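A.B. asks: Next come the chains, spelled out residue by residue.
Protein chains: 2
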Amino acid sequence: MARKTAPDSSRRSERSRRAILDAALELVGEVGFGKLTIEAIAARAGVGKQTIYRWWPSKAAVLFDSFLEQSGGAGAEITLLDTGDIVADAKDVLRATVDTMDDPKYALPTRALIAESQSDPELGAEVNARVLEPQLAAWTGRLRAAQEAGQIAPDADLRVAVEMLVGPIFHRWSLRTLPMSHAYADAIVDQVLGGIAMPPAPTPAPVATPGPTDS
Amino acid sequence: MARKTAPDSSRRSERSRRAILDAALELVGEVGFGKLTIEAIAARAGVGKQTIYRWWPSKAAVLFDSFLEQSGGAGAEITLLDTGDIVADAKDVLRATVDTMDDPKYALPTRALIAESQSDPELGAEVNARVLEPQLAAWTGRLRAAQEAGQIAPDADLRVAVEMLVGPIFHRWSLRTLPMSHAYADAIVDQVLGGIAMPPAPTPAPVATPGPTDS
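Here the protein sequences line up with chains B and Y, keeping their order.
The first sequence stops at residue 215 when you use our numbering, and every number in between is there.
The second sequence stops at residue 215 when you use our numbering, and every number in between is there.
Since the hints were made in silico from the structure, they are not lab data.
None of the values given here were measured: they were computed from a predicted structure.
Heads up, some of the hints might be wrong.
Claimed, not checked - Think about it this way: if two alpha-carbon atoms lie no more than 27 Å apart in a straight line, the pair counts; the simulated DSSO-like pairs of lysine-lysine are:
(1) 105(Y) with 35(Y)
(2) 35(B) with 105(B)
(3) 35(Y) with 59(Y)
(4) 59(Y) with 35(B)
(5) 59(B) with 105(Y)
(6) 91(B) with 105(B)
(7) 59(B) with 105(B)
(8) 35(Y) with 35(B)
(9) 35(B) with 59(B)
Kindly produce the complete structure, drawing on both the sequences and the hints.
C.D. replies: Structure, rendered in structure tokens:
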């Protein structure tokens, strides 16, 4: 029997890699992070344990790659849509976030990592560095472009603004206080941009008074 | 030996009740909600198991009373400070929230409940109904008073505004993305009220034109 050629072997590797990433994501949603094992991932993916250990040092490392795969691929820099209209673009991204968080494929593993991170700050720090901060940085970048285009006030704190956009979504999703919706995403964007304070009363038109003339 | 008089017995009951509530809060922070038992609460509080079962049907019920005790007592309606200045009052409340969330006595049990609620939506719903929603309702009430006083735009969505205030705090605390601070609380309030959009250019002063006179 002929030995496998390189292209075949590489296709087979890619198939195994995908199967492992999918299995890790499914399993952590089913059993939680604490009970997730490399053995179970290998069994679900139909590969040997040694195949996983050849590519990843730990179950956490497998999981992070599973999440990164979903948000554009490991190592890929995330950038947000920029049509020049910050309100429309922010609504697009936040609506997509609502859809993703409502999808059990993504929601269950995310809940498992959040639950575990509550009592394991080191895991939480890894999740932040590998998965969350690149997304927050992409938001900050998009807001900075809007600021440079004169659509956002020059003294606005952009990091705080990002947390005002994603924080309400995360609060409602994580605590399940109310259903999420595109209308919720839109209302957040409108109020983050426009504020909720009563707009200042229009300045009264200056009373025309005779003044010194210009020469 | 004389039998205990009623006042003594009532004082002793109150002492036991406080010991039980404190023990439940400490223990859930130490071992998590899943491993919390009525037996362990009784042992830590120095009371018999039957004393706890006489007053509470479950460990969750004990815990909710522990949280309510901290936020003003079970059954007490929560209202927020109203000095007439919504910006100052909101900063006061949000700074206090930052301080509470940074206090391990409150933070550890809260993290334990949040972790458990991720995979137990029924527990999450109870936490919301008993502990969280009364606090969100108090915020909404304070914003409504400001709206009636003409400080908040009449068309602002107050529920979304509340989540824009507490969501960023919860996001940063729960995910430990950055340290919390009073400056963070202040920035959130300022940007939620004022918005981050570039203020519209001032309307040019109307050109004085001769108009119809008033009689």
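A.B. asks: Next, verify each hint and record whether it holds.
C.D. replies: Structure-based check of all given hints:
1. Distance hint between residue 105(Y) and residue 35(Y) is fulfilled; the C-alpha atoms sit about 18 Å from each other, no more than 27 Å.
2. With a CA separation close to 18 Å, the supplied pair residue 35(B) and residue 105(B) stays within the 27 Å bound.
3. In summary, the hint linking residue 35(Y) to residue 59(Y) is supported, as the alpha carbons are separated by about 11 Å, within the 27 Å threshold.
4. Distance check on the hinted pair: residue 59(Y) and residue 35(B) sit about 24 Å apart at the alpha-carbon level, within 27 Å; holds.
5. A threshold of 27 Å between alpha carbons decides the hint, and for residue 59(B) with residue 105(Y) the separation of about 32 Å lies outside it, so the pair is violated.
6. Restraint check for residue 91(B) and residue 105(B): the C-alpha separation of about 23 Å stays at or below 27 Å, so the hint holds.
7. Taking the CA atoms of residue 59(B) and residue 105(B), the gap is near 18 Å; set against the 27 Å cutoff, the hint holds.
8. Among the hinted pairs, residue 35(Y) with residue 35(B) is consistent with the structure: their alpha-carbon atoms are about 15 Å apart, no more than 27 Å.
9. A hinted pair counts as satisfied when its Cα atoms are at most 27 Å apart, and residue 35(B) with residue 59(B) qualifies at roughly 11 Å.
Checked against the numbered hints listed earlier, the structure breaks hint 5 alone; every other hint is satisfied.
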